[in-house]
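K.L.:
We have chain S; now place chains L and X onto it with these hints.
Chains as they are written, first to last, in this note's numbering: chain S, 1 to 125; chain L, 1 to 145; chain X, 1 to 360.
No wet-lab data here; the hints were simulated from the structure. We put the beta carbon where it would ideally sit given N, CA and C, even for glycine. No false leads were mixed into what you were given.
Okay, derived cross-link-like pairs now, DSS-like style, lysine-lysine, Cα gap no bigger than 30 Å in a straight line:
| hint | chain 1 | residue 1 | chain 2 | residue 2 |
| --- | --- | --- | --- | --- |
| 1 | S | K92 | X | K309 |
| 2 | L | K51 | X | K23 |
| 3 | S | K111 | X | K56 |
| 4 | L | K108 | L | K139 |
| 5 | S | K90 | S | K6 |
| 6 | X | K224 | S | K24 |
| 7 | S | K62 | X | K309 |
| 8 | S | K90 | X | K309 |
| 9 | L | K139 | L | K10 |
| 10 | S | K111 | L | K108 |
| 11 | X | K309 | S | K19 |
| 12 | X | K23 | L | K108 |
| 13 | X | K23 | S | K111 |
| 14 | L | K71 | S | K106 |
| 15 | X | K23 | S | K92 |
| 16 | X | K23 | L | K71 |
| 17 | S | K111 | S | K6 |
| 18 | X | K30 | L | K51 |
| 19 | X | K309 | S | K38 |
| 20 | L | K108 | S | K106 |
| 21 | S | K62 | S | K90 |
| 22 | L | K108 | L | K136 |
| 23 | X | K167 | X | K134 |
| 24 | X | K178 | X | K167 |
Each pair of labels, with its calculated beta carbon distance range:
| hint | chain 1 | residue 1 | chain 2 | residue 2 | range |
| --- | --- | --- | --- | --- | --- |
| 25 | X | D190 | S | K10 | 47 to 57 Å |
| 26 | L | L36 | X | K56 | 31 to 41 Å |
| 27 | X | I170 | L | V45 | 33 to 43 Å |
| 28 | S | K10 | L | V45 | 55 to 65 Å |
| 29 | S | I96 | X | E164 | 52 to 62 Å |
| 30 | L | K139 | X | A342 | 36 to 46 Å |
| 31 | L | V45 | X | P337 | 26 to 36 Å |
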Amino acid sequence: MIENLKEISKDTLLQEVQKFADAKARFVTTVCSDLGDKLEVTYYFNYSPGVDMVALRMFVGKDEEVPSISGIYLTAVLSENEMFEQYGLKVKDMAIDFGGLMLLGKDSPVKPMVKDNAAGGKGGE
Amino acid sequence: MGIIQTSQVKSPWILHFCNSSCNGCDIEVLACLTPLYDVERFGLVNMGNPKHADVMVVTGPVNYRTARVLKNLYNQIPDPKMVIAVGACASTGGVFHNCYNIMGGVDKVIPVDVYVPGCAARPEAIIDGVVLALQKLSKAVGVAK
Amino acid sequence: MAPRTVAPFGPQHPVLPEPIQLKITYEDEKVVNVVPALGYGHRGIEKACEINEYPKNIHLCERICGICSCMHGISYCEVVERLWPMEVPPRAKYLRTIWSEMSRTHSHLLWLGLLADALGFESMFMQFWRIREKVLDLLEMTCGSRVTQSVSVVGGVRRDIDDEQKKICIRTLQEVRKEVEALVNVLATDPTVKARTVGVGVLTKEQAILLGNNGPHLRASGVKEDCRMLGMQAYGELGFEPIVETDGDCYARALVRAREALQAIDLQLEAFSKMPEGEIFVRPKGSPPANEAVYRCEQARGEVFYYAKGNGTRNLERLRVRTPTFANIPSLLVMLPGSELADVPIIVLSIDPCISCTER
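The following block holds chain S by itself, in its conformation from the complex (with noise of 0.2 Å):
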C-alpha cells in the first residue's frame, strides 16, 4: 500500500506538479513499471521541512507522450531520461535530453525494462 496516492491524467500533470512547488516540496523520484498493455509512472515528492511523502500516479499508453516536469524540477531530468531508455516512456521538452542514451551505450539492448522484450533477461536463473 503507498499512501497519500492521487491518480491523475497526464492532462492535469503539470498544474499537479506545480502545485508542489508552490508548497516549496521537494521532488523525490519517479517510478515507472510495465503493466503488459500500457505504462504505470508515479511522480513522488516530500514535503518540505518534513518527511511526509505524497504520490501522484497516472496510467499511459504506451505510444502516448506525456509533458515533462523538468521545467519546473529541472532534478527531475534524470529519471525523466531514463524511464524514456529502460521503457521507451515518451517525455516531450527534457531540458537535458540525453536521447536515450544516459544510461545506455550505443551497444547495449533497447529497451531492456519492458517486459516482453527478450533482450532485457540475459539468461537469468
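P.N.:
Showing chains L and X alone in chain S's frame:
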C-alpha cells in the same frame, strides 16, 4: 637488461581503472595504499596517467560503455605491461552475470595476466596478485627474480 | 570574450575512484556550463532483481554500491518486509541500526580522507584511512566481511553480536571517537583547508530544496531533514537529532559529515547500551504478496528510496532504487558554473558522489 627494466620491476607504477564496479574493490585497492597495508613500501605508486603506468589494476565488470574506455587506456600504457583483474566481477562478471548491460569479465576486452578472487577482494589478496604480476613482469623484461 | 573550450572531466580521473564524465565548458579558467554524462557504471540491477528470486536480490542490492552496501541490503529487506507487512524482532532492529551506523562511520571517514587528498593534504588522508581500518575490523569481526556485509535477511539478521564482541566494539569505538575528534579539530580549524573550501560551491537553501537534494548535502544548506527522523529501525528510541549547517559551501558540507561521523559513533554506543535480548530472525510466510511498498532510509550519502511491487510469486514484479547521488548530481549544474577549474574536483567531491549507486 638495463636500469630501466630493473627499476620497472623494483618500482612499478599502477593505473587504477574502475569499470562498472560496485566500489567495493575500489576502496580495497585504495586501502592497499594507506597505512595499514601500505604497498608504497614495495615501490608501488598510484598514477592518474596511463602513459606513466606499468601495471593496470581493473575492477568491476565491463559494460557496453566502459569497454571502449578500457581498451583506450590499455593501448596507452607502454609495453611491457601487466593487467590485474581485481574481484569476482572483473574476472568473470560475478554477481552481475545476468544484468543486461554487462558484457562480462575484463578478459572479454583486453588480455588479463592475473585474476584476483573475492567479492570484495581483500587487500591481502590484491597485494598477492600484484606480487604475482611482478614476477610475470620480471620474466617479460628479462630480469631474473 | 575569451574563446570557449569544452573539456571532459573523467571518466578516469585521479580524484575520482569511480567513472563519471562531466563535459565542462570553460572560458579561460572559469566554468560556464556543465553537462553530466553518465552510463559508465550502469549494469541493469533493477532488471536483474526481477529475474532473480527475492532472497537472492539481497546480495545483488548490496552490490549496488560497495561503500553503502550494508544499508542497501537492509533497505531492500525492509521494503520487502513491508509487502506482507511483517515485523522483525526488536533485537534485529537494534543490530541493523548498529551496522548501519558503523558503515556510516566508515563511509564518512573515507570521504573526509578523500577530501583531504583532493586538497593535497596527504597526511590527513592517510590518518583518516588509518582510523577507518579499525571500524572495518569491527565490521569484519561482527559480520565476517570488510566491505559487503550481507548480514540482513528478509525477516531479521543472520548474525548476532555476543557479549565479548560487544565489549571489543565499545572499547574500539571509544578509541576511534577520540582519534576522529582530534583530526576533525584540525580539519575544522586549519587555515589551508578553510582557504580552499569556505565560500566554494555555495548552494542556498531554496536551490537545494528545488533541486531535490538530500542527505548531508541538503543539511549543509540549512534544511533540517533526515530520514532517521522517521524513527524506523531503532532510531526512534535513540533520541536522534539531525546535524545542520547553514552556509551551504564545501566547508559546511565537510563539517556536517565530520560531525555525523562522531554522532554515528555516539548512536552505536547508545544502541549497544539499550539493545534488548531476544530473537533475531522470524521466517517470512510464503512469497511476497501482490502489494506495493515504499521505504526510505538515510544512508551515508543521503536518502535512498526503495520501491517494491510483489505479485505473489518468489520473484518481484518491480524494484526501483533511487539513490542519494542520483538526486544530488543536478546540483552540480548550479554549483559548478562560475567556479574556477582548480575548484572543480573539490566541488564534485563535496556532494560525495557515488556513481555505482547512481547508475545501478
